[in-house]
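**Student:** Order-wise, the sequence lines are chains A and H. Take the first sequence: its position 197, counting from 1, is numbered 198 in this note's numbering, and each next residue is one higher. Take the second sequence: its position 224, counting from 1, is numbered 269 in this note's numbering, and each next residue is one higher.
No lab work stands behind these hints, which were simulated from the structure alone. There's no promise every hint is true.
[Said to hold, decoys possible] Heads up, simulated SDA-like pairs for lysine to any residue below, C-alpha to C-alpha not over 20 angstroms straight-line:
no., chain 1, residue 1, chain 2, residue 2
1, A, Lys89, H, Leu375
2, A, Lys89, H, Thr48
3, A, Lys129, H, Phe53
4, A, Lys89, H, Glu58
5, H, Lys298, H, Ala133
6, H, Lys286, H, Arg110
7, A, Lys69, H, Asn47
8, A, Lys89, H, Gln444
9, H, Lys441, A, Asp65
10, A, Lys89, H, Gln371
11, A, Lys89, H, Asp446
12, H, Lys231, H, Asp248
13, A, Lys215, A, Gln188
14, H, Lys441, A, Glu84
15, A, Lys227, A, Ser52
16, A, Lys89, H, Ile448
17, A, Lys129, H, Glu58
18, A, Lys89, H, Leu445
19, A, Lys69, H, Asp446
20, A, Lys227, A, Leu36
21, H, Lys441, H, Arg358
22, A, Lys129, H, Thr48
23, A, Lys39, A, Ser52
24, A, Lys129, H, Ile49
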Amino acid sequence: MSPSATNQAVIRLHDVYRTYEMGGQVLNALDGVSLTIKRNEYVAIVGSSGSGKSTLMNILGCLDRATKGRYLLNGTDVGDMNEGELAKARNRQIGFVFQSFNLLGRASALKNVMQPLVYRGIPLAERKRIASEALEHVGLGDRMDHLPNQLSGGQRQRVAISRALVGRPAILLADEPTGNLDSKTSQEIMGLIDQLHNDGQTIIMVTHEADIAKHCERIIRLEDGKVASDERQTKAGHI
Amino acid sequence: MNTIFESFRSAFESIRAHGFRSLLTSLGIIIGVTSVIAVVSIVQGLSYTINAQFAGLGGNSLTVRSHTPFKQQLRGKLAKLNDNDMQAISRQIDGISHITPILFTQTGRQGAISYRSQTAFSRVIGIGPSYLQVNGVYPQEGRFFTRDDNSRRRLVCAVGADVIDNLEIPKPAIGEFFMLGDEWCKIVGVIERRGEILGFSQDDYVLLPYGTARRIMGTTRDLDIQIQLLVDDMNRLEEVKSRIRRVLRKEHKLKAGQADDFRVQTAEQLTESFNAVLNTITAVSAGIVGISLLVGGIGIMNIMLVSVTERTREIGILKALGATRQDILLQFLIEALTLSMIGGLVGIAIGYGLGALVASLLPGFPSAFVPLWAIFLSFGFCAAVGIIFGILPAAKASQLDPIDALRYE
Ligand SMILES: Nc1ncnc2c1ncn2[C@@H]1O[C@H](COP(=O)(O)OP(=O)(O)OP(=O)(O)O)[C@@H](O)[C@H]1O
Ligand SMILES: [Mg+2]
Chain A
2 MSPSATNQAV
12 IRLHDVYRTY
22 EMGGQVLNAL
32 DGVSLTIKRN
42 EYVAIVGSSG
52 SGKSTLMNIL
62 GCLDRATKGR
72 YLLNGTDVGD
82 MNEGELAKAR
92 NRQIGFVFQS
102 FNLLGRASAL
112 KNVMQPLVYR
122 GIPLAERKRI
132 ASEALEHVGL
142 GDRMDHLPNQ
152 LSGGQRQRVA
162 ISRALVGRPA
172 ILLADEPTGN
182 LDSKTSQEIM
192 GLIDQLHNDG
202 QTIIMVTHEA
212 DIAKHCERII
222 RLEDGKVASD
232 ERQTKAGHI
Chain H
46 MNTIFESFRS
56 AFESIRAHGF
66 RSLLTSLGII
76 IGVTSVIAVV
86 SIVQGLSYTI
96 NAQFAGLGGN
106 SLTVRSHTPF
116 KQQLRGKLAK
126 LNDNDMQAIS
136 RQIDGISHIT
146 PILFTQTGRQ
156 GAISYRSQTA
166 FSRVIGIGPS
176 YLQVNGVYPQ
186 EGRFFTRDDN
196 SRRRLVCAVG
206 ADVIDNLEIP
216 KPAIGEFFML
226 GDEWCKIVGV
236 IERRGEILGF
246 SQDDYVLLPY
256 GTARRIMGTT
266 RDLDIQIQLL
276 VDDMNRLEEV
286 KSRIRRVLRK
296 EHKLKAGQAD
306 DFRVQTAEQL
316 TESFNAVLNT
326 ITAVSAGIVG
336 ISLLVGGIGI
346 MNIMLVSVTE
356 RTREIGILKA
366 LGATRQDILL
376 QFLIEALTLS
386 MIGGLVGIAI
396 GYGLGALVAS
406 LLPGFPSAFV
416 PLWAIFLSFG
426 FCAAVGIIFG
436 ILPAAKASQL
446 DPIDALRYE
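Extracted from the complex, chain A is given alone in its bound form (with noise of 0.2 angstroms):
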């Protein structure tokens, strides 16, 4: 890799709304968006609820279309992608954490993280031996066959983040990745997320909490789908 390739912009978002209409009126969720997260970025995303921090999150998880505007996703540009092509970004560019974890409810924390690996075609023995790597690497190689109901919510996000990692995504996007979870919980949670971005991983994260922001070197403020502030910052404990 060149080290310009480094620096490289993995979201170049230009101009971009999502505009909702209801009831003959038109409101804009996000109303003129414009950034660029280069690799290895550390990013929150704050504001106030309503400002279009979700939205936002939606539209660079691919899970949602902006309504106006350019959004590169690693120079791709995603406002071209069909429906097949949107699928095969969320599976290999983007891993995805919820608050509410959603897991799938049925499946023990081993199927869960092998679900991502079966749209691309890996074989069974495969799938089984890179999914159990990714839950031993947050420390859960006891609990693969827990089902998510029988795990702690910390637990569980744990499990949602092997899953959102084990295809190796360009970019994780985490929406209040620590909202369900109490506060000796969340540090642990973020204490991972910390180690993750050691490891070279692009982050995007979602949050209303000044605590949980703080270990971001990079925050974004929304406010009515607008970009207030976006600031650097050192990162204590941190280089």
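On the provided structure of chain A, position chain H with the ligands as indicated by the hints.
**Tutor:** Relative to the frame of chain A, chain H with the ligands by itself:
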């Protein structure tokens, strides 16, 4: 390939997770397939039995039997053939080599036979001397009836080999007496063994001289006989047939507009007419089965729609993890398919069991036999039902918007 296999696995899991609901859902399919397999196995059994009955009849034989048109049946008038009819045929028509009356005794007391402590039931048939040639059966031991036996109405008989076995008559059986109804009957001949056809014995019958049979059955009653004959020249079969018709119409004093009260049939037609009835039964039951499979399919569609709604969030998660529309479509389609095919398998098993049960309850009925085509056909039908009625719910699932699906409570 990978995703198809995965879809089958997850289909089995979700069917097992809702065991009772899945059973209820596939009940329509189960009932449909059960009835088609049971009906087919019974019809097949009947058809083998009937074909076996006529197996001995040569291609140049004709059988004349009484036939009551439906209208007459309603009025309670039954058509009959009697000795005079036979006399008329043999006197007025040439080109006939052998002719014999056949009198089937009524079942019940007259079919009861016994020897010492052994009791059994058998088919008792009164026949003329030409019966052997027409039906191609010959005595293996002893002799056949003489004209004297017939005219003196002697109580002598020729029996199928199974009668000897069933009554445990010591061999050689020639000359032994056994009880036929209330009368002592002497065995003068044993007919050569024809064997079994699919479990149906071809050797369980007692042949009596026609005159004797009439005496046993009581001359007072107006008996209905069948007439069998052989035509010399195979090519003149149709011609002889129409001449028999003319003779009998005259004999029965039928007017120009009246329908025949008898039927003249070739060996082929005999089996054909029975097979036609069986085919009708099969067709009617196929129709009923079609309706029940349709109902079963609607049941599957209904449950699959419920299932899609229940699992909206799961679908959203799968899409977020990278499932394409086709992946989701395939998963739900395969689930519907699996549901209907499991129903089909259970139906085939139960239907086969029912057919075997019926076969074992009816004496002289061949053991259950389900042809491979019936199994493949019902299986194919189930698969088609699963796909046709699974496509709508599966399409609905695949079209869900990932964000809406993830937000679904
Ligand atoms: N499907 C929708 N239809 C109509 N309006 C919507 C829809 N989704 C979001 N919105 C609106 O868009 C705006 C932004 O919503 P969004 O979920 O992005 O907020 P958020 O910043 O994530 O808030 P929170 O911190 O509470 O999660 C809100 O005003 C919301 O009402
Ligand atoms: Mg939100």
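**Student:** So which hints don't hold here, by number, going up?
**Tutor:** Going through the list in order, the structure violates hints 4, 7, 23 and respects the others.
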